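K.L.:
Chain by chain, the residues:
6 protein chains.
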Amino acid sequence: MKYATLGEIMLRLSTPGAQRFVQAKSFDVCYGGGEANVAVSLCNYGEEAALITKIPDNDIGQACVNSLREFGVDTSKILRGGKRLGIYFLETGYSMRPSQVVYDRADSAIAQAKPEEFDFKKLLADVQWLHISGITPALSENSAKITLEALKAAKELGITTSFDLNFRAKLWTKEQAQAAMIPMMKFVDYVIGNEEDAQNCLGFQMDGDVTSGKLDVAKYEIMLAELCKKYGFKGAATSLRESHSATWNGWSTALSINGKFYHSKHYDINPIVDRVGGGDSFSAGLIYGLTHFDDPQQAVEFSAAASALKQTIPGDTNHVTVKEVLKLASGDASGRVQR
Amino acid sequence: MKYATLGEIMLRLSTPGAQRFVQAKSFDVCYGGGEANVAVSLCNYGEEAALITKIPDNDIGQACVNSLREFGVDTSKILRGGKRLGIYFLETGYSMRPSQVVYDRADSAIAQAKPEEFDFKKLLADVQWLHISGITPALSENSAKITLEALKAAKELGITTSFDLNFRAKLWTKEQAQAAMIPMMKFVDYVIGNEEDAQNCLGFQMDGDVTSGKLDVAKYEIMLAELCKKYGFKGAATSLRESHSATWNGWSTALSINGKFYHSKHYDINPIVDRVGGGDSFSAGLIYGLTHFDDPQQAVEFSAAASALKQTIPGDTNHVTVKEVLKLASGDASGRVQR
Amino acid sequence: MKYATLGEIMLRLSTPGAQRFVQAKSFDVCYGGGEANVAVSLCNYGEEAALITKIPDNDIGQACVNSLREFGVDTSKILRGGKRLGIYFLETGYSMRPSQVVYDRADSAIAQAKPEEFDFKKLLADVQWLHISGITPALSENSAKITLEALKAAKELGITTSFDLNFRAKLWTKEQAQAAMIPMMKFVDYVIGNEEDAQNCLGFQMDGDVTSGKLDVAKYEIMLAELCKKYGFKGAATSLRESHSATWNGWSTALSINGKFYHSKHYDINPIVDRVGGGDSFSAGLIYGLTHFDDPQQAVEFSAAASALKQTIPGDTNHVTVKEVLKLASGDASGRVQR
Amino acid sequence: MKYATLGEIMLRLSTPGAQRFVQAKSFDVCYGGGEANVAVSLCNYGEEAALITKIPDNDIGQACVNSLREFGVDTSKILRGGKRLGIYFLETGYSMRPSQVVYDRADSAIAQAKPEEFDFKKLLADVQWLHISGITPALSENSAKITLEALKAAKELGITTSFDLNFRAKLWTKEQAQAAMIPMMKFVDYVIGNEEDAQNCLGFQMDGDVTSGKLDVAKYEIMLAELCKKYGFKGAATSLRESHSATWNGWSTALSINGKFYHSKHYDINPIVDRVGGGDSFSAGLIYGLTHFDDPQQAVEFSAAASALKQTIPGDTNHVTVKEVLKLASGDASGRVQR
Amino acid sequence: MKYATLGEIMLRLSTPGAQRFVQAKSFDVCYGGGEANVAVSLCNYGEEAALITKIPDNDIGQACVNSLREFGVDTSKILRGGKRLGIYFLETGYSMRPSQVVYDRADSAIAQAKPEEFDFKKLLADVQWLHISGITPALSENSAKITLEALKAAKELGITTSFDLNFRAKLWTKEQAQAAMIPMMKFVDYVIGNEEDAQNCLGFQMDGDVTSGKLDVAKYEIMLAELCKKYGFKGAATSLRESHSATWNGWSTALSINGKFYHSKHYDINPIVDRVGGGDSFSAGLIYGLTHFDDPQQAVEFSAAASALKQTIPGDTNHVTVKEVLKLASGDASGRVQR
Amino acid sequence: MKYATLGEIMLRLSTPGAQRFVQAKSFDVCYGGGEANVAVSLCNYGEEAALITKIPDNDIGQACVNSLREFGVDTSKILRGGKRLGIYFLETGYSMRPSQVVYDRADSAIAQAKPEEFDFKKLLADVQWLHISGITPALSENSAKITLEALKAAKELGITTSFDLNFRAKLWTKEQAQAAMIPMMKFVDYVIGNEEDAQNCLGFQMDGDVTSGKLDVAKYEIMLAELCKKYGFKGAATSLRESHSATWNGWSTALSINGKFYHSKHYDINPIVDRVGGGDSFSAGLIYGLTHFDDPQQAVEFSAAASALKQTIPGDTNHVTVKEVLKLASGDASGRVQR
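Protein chains in written order, with the numbering used here: chain A, 83 to 421; chain B, 83 to 421; chain C, 83 to 421; chain D, 83 to 421; chain E, 83 to 421; chain F, 83 to 421.
Since the hints were made in silico from the structure, they are not lab data. Please read these numbers as outputs of a predicted model, since none were measured by experiment. Misleading hints may appear alongside valid ones.
What the hints assert, rightly or not - Below, a sample of chain F positions facing chain D; criterion: calculated Cβ distance under 10 Å:
#1 A100
#2 L172
#3 G175
#4 M178
#5 Y313
#6 K316
#7 W330
#8 D350
#9 N352
#10 R357
#11 V358
Backbone N, C-alpha and C fix where the C-beta goes; we use that ideal spot for every residue, glycine too.
One chain only, chain A, in its complex shape (with noise of 0.2 Å):
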C-alpha cells in the first residue's frame, strides 16, 4: 500500500532551549508541516508514501526535499519552483508560558502554485490512499482549487481519502472555511478533527471548555457519529487533549466508525518535549492503524500511543517504529531504559 499527502511544507525556525524568540541568537531547523509530517510517520513505520507539494529550487528548498528523503518520504511527485518556502518561527512554551509560533509563509510556492501544475491522475496513480488537511485549501484560492481537485481524482481512481479539518484562524475565516470544504466532504472518507475544528470548518457545535483540562468524552462520541452521518463518512476520529500547562496534557483519541464509538487509553504527557505536529502524528497513527489492523480499538489505541510519543520528541515530525507504538499501546509506559 502507498500513501500520499497534499499539502505545505515549511522552514521551522526554532529557538534552541527555553528561549525567548528576543533572547535567541541561533534557530534550530527543521522542516514541517501537516501532510509532511503524516508522509514522514508512515515511512517511519516502514510504509510507503509521498508528498506532493511545491517546493522553490534553490539551496533552502533542496534542504528541505533532502530532510523528506533522509526519513524517506517519495520526492518524486514534488514540483520545484516558485518565489520562496514558507517559514514559520517557534518558541517552545513551557509551565504556563504558551508556546509562540509566528507564521511568514505567505506567497509561498505551493500557496502560489496553480491547479494546472498539477495531473492528479497522473500523481495519484501509484497510490491507495490520500490525506490532506484544512490548511492546505486555506493557503490560497488556487491551494483550495488543487485540494478539490486531488480529493475528485482520488475518488475517479478509487483511492481512500482521509481529511484532517485542522482550522487555522490566521489564514482563512470560518465563514471562508465552511464554504470552501463543505463541499470537499463527499470526497472523504475518514475525517479528523476536533469539536473546534467541527465547528470552524463545517458549522457543527459542541459544548464543552477545552481550556478547562477536563473533558466530557460523551460528547465526542455524539459529535463523531454525527459527523459520520451528516457527510456519509466511513469514520470520524478525534484526538482529546486536556491543557493542564504548556508541559504536561493529557492525551487520548477516539474513532467512530461503522457506528461504534472506540477511545484509547488515556496519556499524562509530562513533560511534553515538542507538542507541535502531535495532531499529524495522530493523523498517520490511525491511518497506519485503520490499514493495519481489523480491530478498530486497535487502530485507535495505535494512533494514541503514536501521537502521544511524538510529543516527547523534538521537531514536527515523529520518529517512532511500529514496534515502539505497539510497545506503549500494549501498556508499558514506566519509561524503563530499553538496554
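Since chain A is already given, all that's left is putting chains B, C, D, E and F on it; use the hints.
P.N.:
Coordinates of chains B, C, D, E and F only, in the frame set by chain A:
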C-alpha cells in the same frame, strides 16, 4: 512616568543544561542584578526606566551596558570606571538538587564607588519612581551611604520609592543589615519582602516553616499590615513561595495597602526554567501594577502572573509583555500554542 | 581507607537534548561503567579509589583515562593495550518514551584481557575494599575468571568485598550468569541487587510487578534477609525504583544487615535528568555509608540521597559531595537556591 | 553631530562553521542591512546615529529592534507595522568556494511602506548627516520615492548626504537603477561605489577585470574624479578589493575630494572571517573620517582600517572602537595579543 | 545512466573546532566511506547512484541509511544485519599539526558479510557503472572475495568499472594487497591511484618525495601510461597533492587515456576545511566527467575542481552541484559572494 | 625525575569562534597560567610534575584542580583557601585584529597567600626541577617573597631551577620588576626571555623592532650569551616570534649554553589556532629537552616543535606527546593525515 533603579549589575556565568560546575566546559553569559532586572522588566512593559550604577570601562563592562540597552533601559545615568564587574556563577538545580550560586562580586565598581560620584538631584530629575533592593546597601559602607542619599533625594524631589528588602547573608549580618536599613525605611513608600527578609533586615518575627512547602497566608496578612503600621509604608508586599523542589514551586503574591490585604491566585510552576530574578520580576510587576491599575487586586494579580512567567524564562530578566501577563492573570494557564 | 573497583569503562555517546538517534548530528561524550562510576563517586566523597581495568593505548583510551584522573581516581592500576574501548550509545527518554541503549562493546580491551595480565596480590596490596559488579564476569569467559581471581585474592588479603549483581541480558543468559556468579558469592561480603538481579544471577524468586509503579517493601525485606542467610553475606542491599515514566521515578534504598532491615526515606525524582549510573551511585553511597557511619540507617539514608541526587546530574558519574548528600538525607529536598 | 540612515534591516540566517545550506541543522541569527550596519558602526565610534525604516510589530521585529538598541542605535524613528521582516540566508565561503546568499526579502515591511508614512522634515530635524545606499530605492517603487523624498528633505534642511551606490542585480536591472538613481545624485554630497556600481547605477564605464585579483589604482583615480565632476559631488570614494579567494582578499580604499586623490595603505585580509558588511563599514568609516579629521588622507586611512577590521568579525556589523581603528591605521597590523 | 558503488560506510566521530581528542566533550556525527562518498557526490550531480553494503539493523545503522537517503542515494541494495557499524574517530589538523584518524572498524557488518549474501547479477542489473576502492577488499578475506565477484559480475553484465587503489596500511600489508588486487585488475576499466597506491597495491615504483611539497608531473604521466599499458586499463588517473601543511595543499588531477595525458589546472586550497573524502570526490568527479564530457581535458578539469571544492566542505561527502563545479573549472576561484 | 612549578592558575573565559567580547552569549571555559601550563605539558610528555599554588575552596576552585588532575598534574601540593580564583577573559584575534585579554585577577587566592603558608623544604622534597615565571613575583609583594623563598629553598636542596622572565606591564612597572627579579637571578640555572623581557625585568638592552616581522638572530645570540655571562646562568633561551598577523606568525627558538648558540629550524604557523601558552609550551619543551637529550640542538628543536604545535591547539595548555613533537622536529610539517 519614568522609573529609576539603583544597584549592582553582575556578569552571570551559568552552566549549560543541567551540568554541575565541575562538568562545565562553557558558561552561558548574561548580565543581571536585582535592580537591573526591575528596570528591564519595566522596559519590556513599554515603560521608560533607567539603571543607576557604576560599570568598569572595559569590554566586559561595555557588553553589560549593551545588554541593558538591548531591552531599552536608559543607560545614560551609569557611571563608567572602577576595577571590575561583579560576577556570579550559577548552577541550575533539578528535582531535589538545589541551584548553587558562587559569588565573586567583591571590589566591583559599584561596591567601591563613592557617594560623591552620584549627584542624585540630577540623576533623579526626570524620574517619578525610584526602586532599590537591600542588596545595594549591603555591598559596602559607601554603598549604604549612596543608598540612603538616593532615598533622601527621592523624597526631597517628591519621587515615589519602593524597597525590596532582599537580605543576603553572604554580604552582611542581620545586625549590620538592621543598622543600615531601618533608618532608610522612613524614605520608603512601598516595601517588599518575605518573612525572612522582614526578620533579618528589620527585626520582624513571623512563624512558619518555609521549607515545608506549606504557607499560612493569614500570617503574611498580619506581617504586611504590621510592617505598614510600624514604618508608615503606603504598601507592603511579599511573594509566597512553596519550594517543593528545585523545579517545582507553588507561587503567589500578596499586598497590604490602605489597610486591606490582597492575595493573588496561586500558580504551580512546574517545571521552573530559571527561578533567579523571580523576586525582581515580582517587584517590577507590582510597581507596574500600582502605577497602572486602580484596583490593588489587579496590581497583585499582575505581579503574580508576571513573576510566575519569569520563572519559565532563562536568564535573570523577565521578557514578557503586558499583554502576556494580563492573559495569564485573566486565568489562561493552559499553555496552548499561540498560533 | 582505600577502595578499588574492577570492571569495564566505556565511551558513552549520547544524543543532545531530547533527540532520538536518527536526529543526532552530534553526540555528547563521557566515559562510564558500573565500577568506574563507583570509583568516581568515592573520590568525590574525598576518598581514595582506584579502577582496575584495561584500556587501549590510543587517544580515545587516553581521553578515558584522563576522565578518571579528572575526578581523582587512581589510574595507576590500569593496564594499557588491547584493540578498542567499548562504546555505548545512549538516547535519553522523556515521559513515556524510554531511554535507549545501543551497545557496541564486544572485543573491548578489558573483555579480551587475560587472567595472567592481572597480579591481584599486587594490585590490591594497598586496598581495603574491593567492589565489582555482575557486568564484569559477563563480558567474556576470561573476564569471569579475572573476577573470580580478584575476589579470591581480596579474601586472602583480608579485603572487604561488595558485589552489585547487575544482570545484563544482552551479555549472557541467566543460566550462564548463575553458573559464573553463584561460586563467587562465597567471597562476597556485601551483595547489592534488586529482585530481578537476584532471580537472574542467583536463581532467587520474588513476586511483585516492577513495572506497576508500586512496590511491596515487605517482600524486599524478606528477599534481602534470605540472601544473607543463604550466602552468608554480611549485608544485602537493594534500590526500590518505581518507574512512573522515563522522567519520573520513585526511589528509595534498603539494607539488611545483622538480621535487621533498614529502609531509607522515599524520594520522588521528577524530572530525572539522567538515570544511568543511578545504581552505581547507590553502591558507592552504600560503601561510603558502611565505612563511615555506625548506624546502618545512616548508611542507607546516605546511599538513597546520593543516588537520588545522581539522577539529577547528566553523565554516568555522580558529582556530589558528602556535605550535599547529608543535607538531602537530613530532609531538605526543597531545592531552594544555595546562595 | 547626529547621523541618520534610511534602509532595510533584515533577519540574517547563516550556517554555522563552514557548513553548506544542505548541511545546516541550525542557523546563527543576527540582523543587518546596509544602512543599519552604518548606523551601528557610527554608534560603536561613540556617535549618535538613528535608523529610519519600518519593522513588523511582532516578536521577530522586536528582536531586530533590540539588536539595534544593543549597540546604541536610536530606534525612535522606526515605524512598526507591515507584514514581515526581510530575510537573507548566508553560507560563508572558504578558499575557492564562494559565499552564497539566498534572499527572501520580498514584501518586507519597508519594501511595502508608503511615502506618506515618512515625515522626513520631522524625522531628520535633529540630524546633520543622512546616509542611504542604492539598495533602498531598489526595494520597490515606493521605496524609490521614499529615498528621493528623504534626500530632498535633507537638502532642504541643509543636511549633508552620502550615498553608497551598491547595485544589486537581484533587485532590479541596471536600466531601472539608472532611471531611479541618476535623478537622486543632485541631492548627494558624497558618493561611494566601485566601478561596477558606477557602471550599473550611473552608466559609467571603467576597464579592469575585478576577478583577476589585480587592480589598476590609476583608473579608480580617474573614475572618482569624473564622478565628482559630472555630478558635482563634494567627494567620491570606493573600496578596492582584490578577491584572491573567499578567505583572502586584498583591500584598500580611495577618496577623491577637492580635486585630489587619496589612497589608503593596502591590507591583506587573510583569513577573512565575514566579508558581509565590509562595504558598509567602509561607508561608516569614511563618514566618521570626513567629520572628524581635517586631512582627507586620515579619513581614508580610517575608512580602510575600519573596513579591514570588519572583515575579521562575524556578523553584518562592525564592532570596533575608534581607538582600535586608529591603532591599525597607524600601522600596527602585527596582531600581537593586547594584554 | 545509473551508478553503483560497493564498500563500507562508517560512523564518523570528529572533534569540534580545532580540538584534540583529549579535549573533546562532544563529537560531530556524520557517516562516510570511500564508495559511499562517491555515491553521494554523483547524486549531488543529479545522477542516480546506489551503495551496495551491509549495515546493522539497529538505530545507529538506520541513522546511517538515512544519511544516504538524505542526499538521494538508492539504499535499496543495502543488506541489513551484522553486529556493528564501523567507526572512525577524526581529529582535524591545523598548520603543522596533522589530522589524526583512530579506526574502530573491525568486525563491522560489511567486513563480516559473506560472499553468498550478495547476488551481484541482481544487484547490478539496473546499473551501468560500478565503482569500488581498494579499502573494500582490505576489510577481510570475505570482503576480498565479494569485491572480486562484484567485478566479475560487472564485466559479465557489460558494466564499466572503476577502481580507486587506496592503499590502507592499517588494514593490510602491501604483500596482501598485491596478492588480492592484482588479479582484480583485469576486470577494471579505469584505475585511480597515486604513486604510493600504485607501489603498494600493484608493485609499481615511482620516484619523488611526496612530503616535499613539490611534484614532478612528468613522472605521473609516465606512471599512468605504464599502468594502462600493463593492465590494459582504458584510463588511469591520479590526484597530485602537495602537502604544505594540514591546512594548505596544492591540488591538481591527471588522467591518461587513449595514450594521451591530461593534467588539470592547479588549485591552492588554503584553508582546507576538511580533506577527508578529497580522493573520493576526485573519483566521483572523474566518473561524472568521463560519462558526460567528450573531451578528456574537461573530465579532468571537472574532477579537479570538484575535489578542490570538497576540501572546503566539512564532512566526508561532497555537496556541490554540477553548476558550481563548472564555474570553478571555468576559472573563477575568486570566491566573490554569490548574491 | 619530578618537576614542580610555582604560580597562579586562572579561570580563562574565551569567546567562541571569532566573536568579539560584545558579541558573546557564552564563554568557553578552561584553566591556565604560565606555570600550570608548563606542568601540564610535562605530564603530557609522560613526566611527573606538580603545581604549587593556592586555589579557593569552592566549586570553581575544584573545577580548576580537576582540570589539572585530568592531565596528570600532581595537585597534592596545592593549598586550598582564599577568596577567589583569578580570571582572564580572552577574545581571539584574526588577521590584523589582535587578541584581547581582560584581566580580573586582583585579590586571587595565590596573590593574597602569605609566605608562611608555604613550607618549600617539604613541598620540594621529592622534586628535582623547579620552574617559575616572572608573573608569580608580580602578583603581590607576598608573591615576590614566596618566589624568592622557593628559589632559595630549591638551591639549598640542590634542585635545578628555570625562570621565564615573562614581563607583564599590567601587573607592575619595569622598575618594580627589576628590583624584585634581579636578586632572584642568582638562584636561577636557566633563564628564558625575549629581548623585551630582558630589558624590562633585568635592564638589558637590545635593538630590533619586534613588530616588523623580521628578526636579527645574531642579536639574540649576543643577548643570550651576555645574560649567561652576567648572571652565571647555565643556559639562557628565547623564542623568536615574527608577528605577521594575529593568525600568522614565524616561530623559532634559541638557546645559549656552555658558550654555544643553538637555533632551531623555523616554523611558519598559519593559521594560529591559539597563541596563548606558546611561551609556556616553549619553556616546557626546553625543560624536557634539557633533561632528556644530550645534544643542546636536540633540546632546542624539541622546544621549537613543541611550542609551534601548541599554537595549533585551543586552550592554554599543550596537548602533544613526545612522539608527535619528535615527528615534527624531525622535519615532517606536511600535515598529512595520520591514518
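K.L.:
Now, for every hint given, state plainly whether the structure supports it.
P.N.:
Hints, verified against the model:
Given hint, A100(F) at the interface with chain D, holds; its Cβ is 5 Å from that chain's nearest Cβ, closer than 10 Å. At about 9 Å, the closest approach between the beta carbon of L172(F) and any beta carbon in chain D falls short of 10 Å, and the interface hint on this residue holds. At its closest, the beta carbon of G175(F) sits 5 Å from a beta carbon of chain D; the interface hint therefore holds under the 10 Å criterion. Of the supplied interface hints, the one on M178(F) holds, with its beta-carbon coming within about 4 Å of a beta-carbon of chain D, less than 10 Å.
Annotation: interface hint on Y313(F) violated; nearest CB of chain D at approximately 27 Å, more than 10 Å. Among the interface hints, the one on K316(F) is violated; its C-beta lies about 30 Å from the nearest C-beta in chain D, farther than the 10 Å criterion. Evaluation of the W330(F) hint against chain D yields a held restraint, the C-beta minimum of about 8 Å falling below 10 Å. The interface hint given for D350(F) is violated, since its Cβ lies 13 Å from the closest Cβ of chain D, which is over the 10 Å cut-off.
The criterion of a C-beta within 10 Å of any C-beta in chain D is met by N352(F), whose closest approach is roughly 9 Å, and the hint holds. A hinted interface residue such as R357(F) counts as satisfied when its beta carbon comes closer than 10 Å to some beta carbon of chain D; here the least separation is about 7 Å, so the hint holds. Of the supplied interface hints, the one on V358(F) holds, with its beta-carbon coming within about 7 Å of a beta-carbon of chain D, less than 10 Å.
The structure fails hints 5, 6, 8 (numbered hints given earlier, in ascending order).
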